[in-house]
Amino acid sequence: MPTPFKHRNLPHLFLSAREVLMQRFRPVLSEAGISEQQWRVLRTLYDIDSLDAATLALQAQILAPSLTRMLRVLEQGNLIQRCADPADLRRQVISLSEQGRLTVAGLSPRIETIYQELEQAIGPDLLNALYDNIDVMIERIQIR
1 MPTPFKHRNL PHLFLSAREV LMQRFRPVLS EAGISEQQWR VLRTLYDIDS LDAATLALQA
61 QILAPSLTRM LRVLEQGNLI QRCADPADLR RQVISLSEQG RLTVAGLSPR IETIYQELEQ
121 AIGPDLLNAL YDNIDVMIER IQIR
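If you're matching positions, the sequence shown starts at 1 in full-length UniProt numbering and goes up one per residue.
If you are wondering where the hints come from, they were derived from the structure by calculation, not from laboratory data. Any given hint could turn out to be false.
Computed Cβ-Cβ distance ranges for the label pairs, DEER-style [said to hold, decoys possible]:
#1 Asp-49 to Gly-106: 13 to 21 Å
#2 Gly-123 to Val-73: 35 to 43 Å
#3 Pro-27 to Tyr-131: 20 to 28 Å
#4 Ile-114 to Ile-143: 13 to 21 Å
#5 Tyr-131 to His-12: 16 to 24 Å
#6 Val-20 to Asp-135: 16 to 24 Å
#7 Pro-27 to Gly-77: 16 to 24 Å
The model shown is predicted, which means the values in this text are computed figures rather than measured ones. Here a beta-carbon is modelled for each residue, glycine too, at the ideal position from N, C-alpha and C.
I would like the entire structure built from these sequences, with the hints used as guidance.
Laid out in structure tokens, this is it:
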């Protein structure tokens with residue numbers, strides 16, 4: 001029976017690609033006792049420095065209620081710190097603690113090795129094209 005669709009299922013394709021990628025990263029994160037979602041938060045804070053909870057949820061692709069629970073766990077593990085935003089004391093600013101920075105920095109050699117293996121497998125040109133094209137796609141189709 002012919003399909004009524006003329007395009008491939010792009011969201012499913014991205015999920016499949018994500019799963020293939022995460023199969024490489026999961027053992028490293030698991031060994032460190034860090035979930036995939038926690039890693040997204042830690043890596044986001046490492047790259048961006050400090051954010052309010054709403055922005056962090058958006059940047060790390062985590063639902064706000066899940067982030068609230070996760071922040072408690074990360075704070076108890078001394079991986080993040082929260083402080084009042086001087087511009088608006090009702091808001092909290094979240095950043096990595098010194099231990100959080102050390103944790104991310106400690107994992108970075110193994111994470112970078114995985115990226116190097118990925119680059120060897122698909123080539124630097126394709127990897128850079130993926131980065132560029134995904135950035136362009138997000139910019140062009142995101143709903144604001």
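Going through the numbered hints above, which ones does this structure break? Give me the numbers in ascending order. 4
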